[in-house]
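Based on these hints, arrange chain B on the given structure of chain A.
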Amino acid sequence: MPYRLTDYSRALRTWGIDVEACGGRHPFKAIRGGDSFPFKAHNGMRSEISDRYISALCERFGIDIAEFKKKLSE
Amino acid sequence: MKSWNFWIVVRRAPDIPGIWIAHCLDLNVLSEGESLSEAIESIPEAVAIVVGDALAAGIDPLRHRAPQHYWDDLNRLLRDGVPAGLPPDALDAQAATLEAVALQLRVTLQPAQQLPRAYEVPMFWSQQAAA
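Protein chains in written order, with our numbering: chain A, 1 to 74; chain B, 1 to 131.
These are calculated hints, taken from the structure and not from any lab test.
Glycine included, each C-beta is placed from N, C-alpha and C at the ideal position.
Errors might be hidden in some of the hints.
What the hints assert, rightly or not - Keeping only pairs whose Cα atoms sit at most 25 Å apart, straight-line, the calculated DMTMM-like set for lysine to aspartate or glutamate is:
| no. | chain 1 | residue 1 | chain 2 | residue 2 |
| --- | --- | --- | --- | --- |
| 1 | A | K29 | B | E34 |
| 2 | A | K69 | A | E59 |
| 3 | A | K29 | B | D80 |
| 4 | A | K29 | B | D60 |
| 5 | A | K69 | B | E41 |
| 6 | A | K29 | B | E41 |
| 7 | A | K70 | A | E20 |
| 8 | B | K2 | A | D35 |
| 9 | A | K29 | B | D15 |
| 10 | B | K2 | B | D92 |
| 11 | A | K69 | A | E48 |
| 12 | A | K70 | A | D18 |
| 13 | A | K71 | A | E48 |
| 14 | A | K29 | A | E74 |
| 15 | A | K70 | B | D15 |
| 16 | A | K71 | A | E20 |
| 17 | A | K71 | B | D60 |
Said to hold, decoys possible - Examples of chain A residues lying across from chain B (beta carbon under 8 Å, computed):
| no. | residue |
| --- | --- |
| 18 | M1 |
| 19 | G16 |
| 20 | A21 |
| 21 | C22 |
| 22 | G24 |
| 23 | R25 |
| 24 | P27 |
| 25 | K29 |
| 26 | I31 |
| 27 | S36 |
| 28 | S50 |
| 29 | R60 |
| 30 | E67 |
| 31 | K71 |
What the hints assert, rightly or not - Calculated from the model, a selection of chain A residues having no Cβ within reach of chain B, i.e. all distances over 10 Å:
| no. | residue |
| --- | --- |
| 32 | R10 |
| 33 | D18 |
| 34 | K70 |
Bound-form chain A, shown alone (with noise of 0.2 Å):
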């Protein structure tokens, strides 16, 4: 079952990360110093968010997955 944004985003501070306001097609982004990963979230953060991203969000930060599989589902 895929998770919202607003979960994505409330996991992602356990990191330090912020998810901002970002523009375009691409309303929303997670962001820590020059590192980004955009959202394409256009039902803002009750947006559905694919498992498909979480590898590679999970890389980008650093983030062990299995963490942040956890922490989604808290």
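Coordinates of chain B only, in the frame set by chain A:
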């Protein structure tokens, strides 16, 4: 003027019906659309955001490649797929039978660090396996 060619693979989202996900393997970043062409048209902006933010911070935008198994999947697609010299919107008519599409995206760095894009044909597709 600096430019890159990035490999993109587009597949259906495994967990959200009707959504296609475009994956830029060189940057390991994704975008999506409610059609195949929308996913293809969306990925350049995601690429531009990632490259632009990295360059603005003075870091290498290419330091996060996708894991090897995604590249193996691309190589399989290029080896076994059908070259398709079609624009992305023409693929929508055939989307019901498609498993995946691969294409190259050329990104050119402009002086103002704006990153316009151009699609590079050929694209390659593979047919969905019969049920």
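Unmet hints by their number, sorted upward, for this structure: 3, 5, 10, 17, 19, 20, 24, 30 and 31
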